[in-house]
Structures are given as structure tokens and as C-alpha cells.
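Trainee: One letter stands for each residue in the lines below.
Protein chains: 2
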Amino acid sequence: MDLMPIIKKRRSVRRFKNKEICPELIENILQAGRWAPSGLNNQPWKFMVLEGENKDALCKFTHCQSIIKSAEKLIAVFLNKKTSYNYQKDLMAIGASIENMLLYIHCQGLGACWLGEILNQRKKVHKFLKLGSTLELEAVIALGYPLAKTKTSRRKPLKDLMIK
Amino acid sequence: MDLMPIIKKRRSVRRFKNKEICPELIENILQAGRWAPSGLNNQPWKFMVLEGENKDALCKFTHCQSIIKSAEKLIAVFLNKKTSYNYQKDLMAIGASIENMLLYIHCQGLGACWLGEILNQRKKVHKFLKLGSTLELEAVIALGYPLAKTKTSRRKPLKDLMIK
Numbered sequence: 000m001d002l003m004p005i006i007k008k009r010r011s012v013r014r015f016k017n018k019e020i021c022p023e024l025i026e027n028i029l030q031a032g033r034w035a036p037s038g039l040n041n042q043p044w045k046f047m048v049l050e051g052e053n054k055d056a057l058c059k060f061t062h063c064q065s066i067i068k069s070a071e072k073l074i075a076v077f078l079n080k081k082t083s084y085n086y087q088k089d090l091m092a093i094g095a096s097i098e099n100m101l102l103y104i105h106c107q108g109l110g111a112c113w114l115g116e117i118l119n120q121r122k123k124v125h126k127f128l129k130l131g132s133t134l135e136l137e138a139v140i141a142l143g144y145p146l147a148k149t150k151t152s153r154r155k156p157l158k159d160l161m162i163k
Numbered sequence: 000m001d002l003m004p005i006i007k008k009r010r011s012v013r014r015f016k017n018k019e020i021c022p023e024l025i026e027n028i029l030q031a032g033r034w035a036p037s038g039l040n041n042q043p044w045k046f047m048v049l050e051g052e053n054k055d056a057l058c059k060f061t062h063c064q065s066i067i068k069s070a071e072k073l074i075a076v077f078l079n080k081k082t083s084y085n086y087q088k089d090l091m092a093i094g095a096s097i098e099n100m101l102l103y104i105h106c107q108g109l110g111a112c113w114l115g116e117i118l119n120q121r122k123k124v125h126k127f128l129k130l131g132s133t134l135e136l137e138a139v140i141a142l143g144y145p146l147a148k149t150k151t152s153r154r155k156p157l158k159d160l161m162i163k
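Chains as they are written, first to last, in numbering that gives the first Met the number 0: chain S, 0 to 163; chain D, 0 to 163.
It is worth saying that the hints were derived from the structure and are not from the lab.
Source: prediction; values computed, not measured.
Copies of the same chain look alike in the list, so a pair counts if it fits in one copy or across any two.
Keeping only pairs whose Cα atoms sit at most 27 Å apart, straight-line, the calculated DSS-like set for lysine-lysine is:
| # | residue 1 | residue 2 |
| --- | --- | --- |
| 1 | Lys8 | Lys18 |
| 2 | Lys7 | Lys81 |
| 3 | Lys126 | Lys158 |
| 4 | Lys80 | Lys158 |
With these hints in hand, go ahead and build the complete structure from the sequences.
Mentor: Below is the structure:
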């Protein structure tokens, strides 16, 4: 199977159709996230799915209101501090889990945007969601069916990324 | 395309055949890593490919000697501090880049192991590789053609990962 077109064509999607995502699809997206690799297989992630009023309420903690409003659902991704053994490695594992979900979302004809700016108001989000101290918000994935064709993106040339 | 079997069947591979990986394949693996998402598209990663004596020399910085010896090549993944804007988000982006490479490697019939324990001797590795202060080692990927069928792995049930 050639994975390259999937990896290259996945783009951030910021505007979505008013079309529901079925629960089975959401579950599969989370399954994709769950199967990521992690150091010592500690699986340091936790997930929360937000929709409707709960979803829209997050608008007040970010500049990305329009993306959140437009999204059909949000998946909030947390570090589970109880299972953490190395903060740096746990963050990389969570990045791998998020990428699994983003690639899976793309393969299903859905689109998503990885929101990070909301972390600036992490404490307020925690308070609003009534989360215990064992969780730390690391990202919010906004998702839905894409409204329009996504734009292209760019990357630095590989030669500029290589260390000889 | 159904990505789920790829995500679920990718496993850590720790023993490899004595068979060369062609340069085009290595370049494609790095391309997969290069196309990961990152905050503000800052692409905070740098890569170094190690083989032969240089590869084997890394054995002295880790307990994973047998994996490094057996691997045909290593890809060392670094944070490029020059392009860093948020350490947490950069680490997650690097995790996404590594996952892209691991999935691509698996799709090509190769196998890999994400080595993290070597970070305990990060300073010594930096010195040995004569790296400047703008780079920070985050992971080493050992890769090659798998010697044997890989074992299964386990994950926590999804219900244990969900926050209501």
C-alpha cells in the first residue's frame, strides 16, 4: 500500500459542512489514536469528544472560534499524568496518536484541524471541563466533513532538513 | 483506503535481516517524516541517517545495542531549536513526524523500532556526533527488513481512555 499520497494530501481543514459524523466513525478515529506507539507502551493519552453546546463553549478560550463553531465535533487530547514516565517522550507519543487520528480522518473523507493555540488558556479549559489534576490538555482536534477543497501546503526541502 | 490495518499491524521490530535498504526508500521515509503537521507549520525537525561504523558506534550510549547492531540503518531525529516556537508543541510535531515514518516503513515491508532510552545519554551522543547547540536529539529509529514475524501488542481498552 502506498501511504505517501495520504501523508502528503492530508491538510488542515478549517471549514466544515453541517453534516453529522456517525458514532462508529468517531470510535474508529479514537481507535486509530489508541494504537499509536509510546515509550514502554505506557499509552499516556486520554480523549474527550465534545459536540453541541459543550463544543461551542470552548470558543471563549481561543482565537479559533470560527473553526470550533464550524466543526461537527472536537476531540480533546490529554496527557494522563498517572501513566506518565517521561514528559518529553509522552508528548511525542501523544503527537503520534494525534497523527494517527489525522491520517485516519483524512482517509475517511473527513477533515480536521489540530488546534494548539487553545493551550494558552489551558487552566481555564480545565476549570470549565471540571477536570482533575491528573490530566493535562495537549491539543484539540476539530473535525467534520470538509466544506471545500483544501489548499495546498508547503514544506522545507529535504536537503535543508538533513544533518550530514 | 482503510488505514486501520496499517495502524494496528505496525509493531516494533528489533531484529533485522542483513539486507540493504536502497537509498530511494530511505529518502521516501524521510519525505514521509517531512510532511507531518506542526504548529504554525514550523517543521521543527532535523534528520540524520547513520549506517555502518557510525551506526554501531551509538551502541555505547544505550542498552539497546542488539537492536542497533542488527538494524541496517538508523534515523536520528532532532529538534531544530532555531525553528522552535513552543517546546511542547514541537515535541508533539516530532512525534507526528516519527509516526509518519514508522507507518511508511511498515507499508514498505520494512520494520523499525523507536528508541528512546538513548536520550539518557543525549549529551554524550551530541558530543560524539559533533552537533551544534541548536539541535536536541529526540529519538532514534532503528530500521531494516524484519528477520521474523513480529509479535502482537496490546492496548488499553478504549473505554478506559475516554473522559465523559
